[in-house]
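Number of protein chains: 2
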Amino acid sequence: MGAPLEFWFEFASTYSYPAAHAVEAAARARGVAVKWRSFLLGPIFAAQGWNDSPFNIYPAKGKYMWRDLARICAAQDLPLKKPSLFPRGSLLAARIACRFADEAWVGAFVRRVYSANFADDLDIASPFVVGKILSDIGQVPAEIMKAAQAQDSKDAFRAQADRAVVLGIIGAPSFVVDAEVFWGGDRLEAALGWASGKRGVAEL
Amino acid sequence: MGAPLEFWFEFASTYSYPAAHAVEAAARARGVAVKWRSFLLGPIFAAQGWNDSPFNIYPAKGKYMWRDLARICAAQDLPLKKPSLFPRGSLLAARIACRFADEAWVGAFVRRVYSANFADDLDIASPFVVGKILSDIGQVPAEIMKAAQAQDSKDAFRAQADRAVVLGIIGAPSFVVDAEVFWGGDRLEAALGWASGKRGVAEL
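Sequence order for the protein chains is A and B. Per this note's numbering, the first sequence starts with residue 62, numbered consecutively. Per this note's numbering, the second sequence starts with residue 62, numbered consecutively.
A portion of the hints provided could be inaccurate.
[Claimed, not checked] The calculated lysine-lysine pairs, modelled on DSSO-like cross-linking and capped at a C-alpha distance of 30 Å, are:
| # | chain 1 | residue 1 | chain 2 | residue 2 |
| --- | --- | --- | --- | --- |
| 1 | A | Lys96 | A | Lys142 |
| 2 | A | Lys215 | B | Lys215 |
| 3 | A | Lys96 | A | Lys193 |
| 4 | B | Lys207 | A | Lys122 |
Since the hints were derived computationally from the structure, they do not count as laboratory data. Bear in mind the structure is a predicted one, so any value in this text is a computation, not a measurement.
Please put together the full structure from these sequences, using the hints given.
This is how it looks when you write it as structure tokens:
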């Protein structure tokens, strides 16, 4: 068993959608454990002077990204519908994914929240949408939501977001292995290689 | 023979360095022809409000990029030395690559200019450095440089840069197949797949 792979994601992040659907199976095939790490990009973007997604601030980047995402989703046989609101708030779902990161059901929860946002155009900020997903995977929504919004859960989520900054994470999805950061879904294989011991890159 | 792959590059672009070294061999293995397309990122960045490389404007992105580049170069067995000046001007070399894009030696020229910048920390804006590279590959520097700086060559280079904007290119390296843009060295395989006929992605 190699080092675990931390999967850092934010539910509004477009490229995190296909990555979230791919990461667990790809890691399992390599014998690498996945650690789910939800966080918010807002504070990280704000530190760079952005008050919105860079895909909205820079329309040429946004246009490219949606086309690129369509190709990636097609290659993964994942449905994609451009959300009517982008980026969508996702604090409740992100806190749930943080509070219950070690539960066996968290992968299924994460994938369904992404699909709600990017395949079904549902408002993932809504407790009704999040509650329905929790029921669908056999959890009791009221209990989960209550626990995720307790003060210690909020504090733990905030601490996790702070750790993203310390690690040098600049976007989502990011894969982290022993503090080595790989940004972008296209870096999954490189990160898995790192987890399996293919390292040896000198400092510049 | 599938559609040709256009390789859009700028000599100051870090990620274009390993891509320039990989593209011809990878394309040949798939039976895809490479069209070399040099351009300048300056005007494209200026249109987004940047007067410098985003890797300099956003230090967290820059720090990540250099580490990521080191990993990519290590995987390709390419030497990498952080240039003492970044980004470096490269107008002369870029005009040469444009004017002589269809010559058999252009691939070797492009790779050597990149290596001068990112492996040997040489000033690729200097006619002496560019001239040495031309001699090394068997060309007559004075003739090549004179032709590349003739008015029609300057005009052709400017027209090529304008075409980058029309295509929706937002960074380098980019691969273009039948006007479909793939941004980033990590998109080479996807672009080659597109050139070989793997398409069929719906508009969003």
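Here is what the structure says about each hint:
Distance check on the hinted pair: Lys96(A) and Lys142(A) sit about 28 Å apart at the alpha-carbon level, within 30 Å; holds. For the hint linking Lys215(A) to Lys215(B), the alpha-carbon distance of about 59 Å lies beyond 30 Å, and the restraint is violated. Between Lys96(A) and Lys193(A), the direct Cα distance comes to roughly 24 Å. Compliance with the 30 Å bound is thereby established for this hinted pair. With a CA separation close to 37 Å, the supplied pair Lys207(B) and Lys122(A) exceeds the 30 Å bound.
When the structure is compared with the earlier hints, violations turn up for hints 2, 4 and for no others.
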